[in-house]
Structures are given as C-alpha cells and as structure tokens.
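In order, the protein sequences belong to chains A and B.
The first sequence begins at 1 in my numbering and counts up one residue at a time.
The second sequence begins at 188 in my numbering and counts up one residue at a time.
No wet-lab data here; the hints were simulated from the structure.
Mixed in with the good hints there might be a few duds.
Said to hold, decoys possible - The calculated DSS-like cross-link candidates involving lysine-lysine, where the alpha carbons are at most 27 Å apart (straight line), are:
{"hint": "1", "chain 1": "A", "residue 1": "132", "chain 2": "A", "residue 2": "93"}
{"hint": "2", "chain 1": "A", "residue 1": "132", "chain 2": "A", "residue 2": "144"}
{"hint": "3", "chain 1": "A", "residue 1": "93", "chain 2": "B", "residue 2": "280"}
{"hint": "4", "chain 1": "B", "residue 1": "280", "chain 2": "B", "residue 2": "319"}
{"hint": "5", "chain 1": "B", "residue 1": "331", "chain 2": "B", "residue 2": "319"}
{"hint": "6", "chain 1": "A", "residue 1": "93", "chain 2": "B", "residue 2": "319"}
{"hint": "7", "chain 1": "A", "residue 1": "132", "chain 2": "B", "residue 2": "280"}
As the list claims (entries may be wrong) - Stretch by stretch, here's where chain A covers chain B in the computed footprint (C-beta under 8 Å, at least three residues):
{"hint": "8", "segment": "235–247"}
{"hint": "9", "segment": "275–289"}
{"hint": "10", "segment": "294–304"}
Just so it is clear, CB atoms sit at the ideal spot from N, CA and C, and this is done for glycine as well.
Number of protein chains: 2
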Amino acid sequence: MQHFIFNPEHDKHMLRIIGIDPGSRRTGYGIIDAQGDRLTYVASGIVRVTDGALPARLKIIYDAVSQIIEQYRPEHMGIEDIFSARDPRAALKLGQARGAAIVAGVNVDLVVGEYAARSVKQAVVGHGAADKAQVQAMVTQLLKLNATPAEDAADALAVAICHAHSVRLQVALSGSGSQRYGRGRHS
Amino acid sequence: MQHFIFNPEHDKHMLRIIGIDPGSRRTGYGIIDAQGDRLTYVASGIVRVTDGALPARLKIIYDAVSQIIEQYRPEHMGIEDIFSARDPRAALKLGQARGAAIVAGVNVDLVVGEYAARSVKQAVVGHGAADKAQVQAMVTQLLKLNATPAEDAADALAVAICHAHSVRLQVALSGSGSQRYGRGRHS
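The following block holds chain A by itself, in its conformation from the complex (with noise of 0.2 Å):
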C-alpha cells in the first residue's frame, strides 16, 4: 500500500526521501535525492534506543527522527510495513516504535509510504527472498557509496529507494514520465 499524493512533477524534480527500518531497540534511517530515475546517496545512520521506561524510549525515538527530518528535510517517507511478529509481545514493542518514527513524519505533514519487506527487496535485489547482505550490496551499489553502511542503516535506505520507484511507477503508469520504468527493478 501506498499512500503519498500523486504529483507527475515528482518525475522531473527532486524529491527527498527517508527510509526507515523501525525498531525497539535500533531504528535505521537513510536519505536520498531522487530526480527522474538517478538516486543519490545524502545521509544514513542508526537510532539507539538505551535502556529505560518506555515512554522515554519512544521520546527517544520520536525526537531523534523528528530532528533528522528538521535537518535533512525530506517531503516523503519511506517505512516497512510489518505484517509478521515473533509473538504479540515482541509485536506491541514493535508496533510503539513504529508509531513514534511514522507520528515523526506526519507530524510536519511528511507523505508516508509503507512497503512491506517483500516489495523492498524486490525494488533493490530484484526478487523478494533476497537477505540482508544481498540489500546492503546493492544499497551500496545504486548509491554508489565507498562503504557498506550497516544493516538497519541499508535497510532504512532499502526502504527510500523502494519508495522513489514506486513514485517514479505512479508516473509512468499516469503516462506523464519516463517510459522505460521497469517494475521492481532499477533501470
């Protein structure tokens, strides 16, 4: 599902997008520029969230995004969807991190798109089974980085590019953008 505003303008201009891989302990971000089908590499790294009561970890993790985005300023947002969790436990913690890093985005009116694991890999490796090092090297790669940047912080990028193509697919398909859009893939 996604749910940002089709604008076929986004196809030629340049649009900044943060990725977020949610978690209760460490929420990865990323950003990148995208303009047309290029992507450029701005920013990544990783939320630790310390030990203590959480309502404070959730300000933690509300805060820390919120700061990201006053920096960085993006107008989207990319953030996996879950649909599985360990157990109900594991997916209530989950869930709250979550909620904090998505209330962070559209708080300044940020347009959020979620896309479940699946559809990340499939954007960056090309099928959905992909596991974490095959995304962290083409992370790496379509952002032309020097270093491999660590999981979360891959995975949170994952999530960016994935939303850039489903942007630049809503174009395609409005027939207003470029035609040679490959599904899933980057081109």
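Start from chain A and add chain B according to the hints.
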C-alpha cells in the same frame, strides 16, 4: 511499572492527570484532578479514528491527544499497559496507536505512568478481575458523575484514578503524606 518523578508536594497540591485507554479504532481519554485523596472529574471522551491509511490514522490520534493536552494541561499521563493481545497483527496495530498517544504526552514532557489492566481494576473496583460494567459503575461513583461514561472513556478515567492512587502511595510510603491511604482502594 510507574515511571513518574516522585514529588511529595503532590499530596498537598492539585495534580491534573490524563488517563488514556489506547486503541486503534477508539482511544478513550479521561482527565481528573487529584488533591490528596480528593478526586475531581474534569473531562472525558473518545477519539474516534476513521478508516484510512495507517499514517493518517496515527496522525488523528497524535493530533487529538496533543490538542486535549493543550486544552486541559495535565501534568501526568496514566496509560494502560498491554501485556497480551489476540495475535501479532492486532498487537502491532494496538502498539502503533499506543505509541502515538504516548508520544503526544512525552512530547510536552508529561510524566507517564503505565498500569496493567489488572492494577487499574484493583485500584478502582477493589479486585483485578472486575468487568467493564463494574469499572463504569465505580468510576461514576468515585467521581460523582451524573451519567455513566462510555466504556472507553470510563477505562481512561479508571487509569487516571489508578495513577492518582499510585502517586499517593509513593507519598504515603515516603512518610510525608496521609497515613490513611489504603492500597488499591479509594478511601
């Protein structure tokens, strides 16, 4: 677990508390003033979340709770702690809604206390296995209301009452407060 900052002055001074009963479709809220063992009803209601994409739904919860906090200016928040859920998907949804409500609180530096449903029922009805109707009846009686609040609003008022008791218990244990305080019971 309670995560508030201990302050013996709370026994003498009025403490305004917002209670939250989080839910992905309906989030109940209830505001009370606590002064020593005197509890006064201030307001209560339900934030209803319409159908739509998750980010928009979380924004409704976050914005509504933020607005209620801005209007009534509570200093503390009590929120139900959830240990169990039907399944991981339900837990994830509930977690996200709960995360959005908590972030609305910590974002303006409210002290947030979390209470298991059992503790809330214990504090309001006197035993942890009370049903929803008993909670509604006791909240109505304790706060001297003319009408019974709706279920979610009553649950929110109950968690606010539980938080008030918890703060008073801390005061009593510290030796500076009233010695008439009874554990888990409104005196």
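Evaluated hints:
1. For the given pair, residue 132(A) sits about 22 Å from residue 93(A) by alpha-carbon distance, which is consistent with the 27 Å threshold.
2. Taking the CA atoms of residue 132(A) and residue 144(A), the gap is about 18 Å. The hint holds against a cut of 27 Å.
3. At roughly 11 Å between alpha-carbon atoms, residue 93(A) and residue 280(B) fall within 27 Å of each other, so this suggested pair holds.
4. About 22 Å separates the Cα atoms of residue 280(B) and residue 319(B), which keeps this hinted pair within 27 Å; it holds.
5. A distance of roughly 18 Å separates the Cα atoms of residue 331(B) and residue 319(B); the hinted pair therefore holds under the 27 Å criterion.
6. Annotation: proposed proximity of residue 93(A) to residue 319(B) holds, straight-line Cα distance about 26 Å (limit 27 Å).
7. The hinted pair formed by residue 132(A) and residue 280(B) meets the criterion: a straight-line CA distance of about 26 Å does not exceed 27 Å.
8. Note: the segment 235–247 of chain B has 6 residues with beta-carbon separation from chain A under 8 Å; the three-residue rule is met and the coverage holds.
9. Only residues whose beta carbon comes within less than 8 Å of a beta carbon in chain A count, and the segment 275–289 of chain B has 14; three or more means the coverage holds.
10. For the segment 294–304 of chain B, the proposed coverage by chain A is satisfied: 3 residues have a C-beta within less than 8 Å of a C-beta in that chain, meeting the threshold of three.
Violated hints for the displayed structure: none, as all numbered hints are satisfied.
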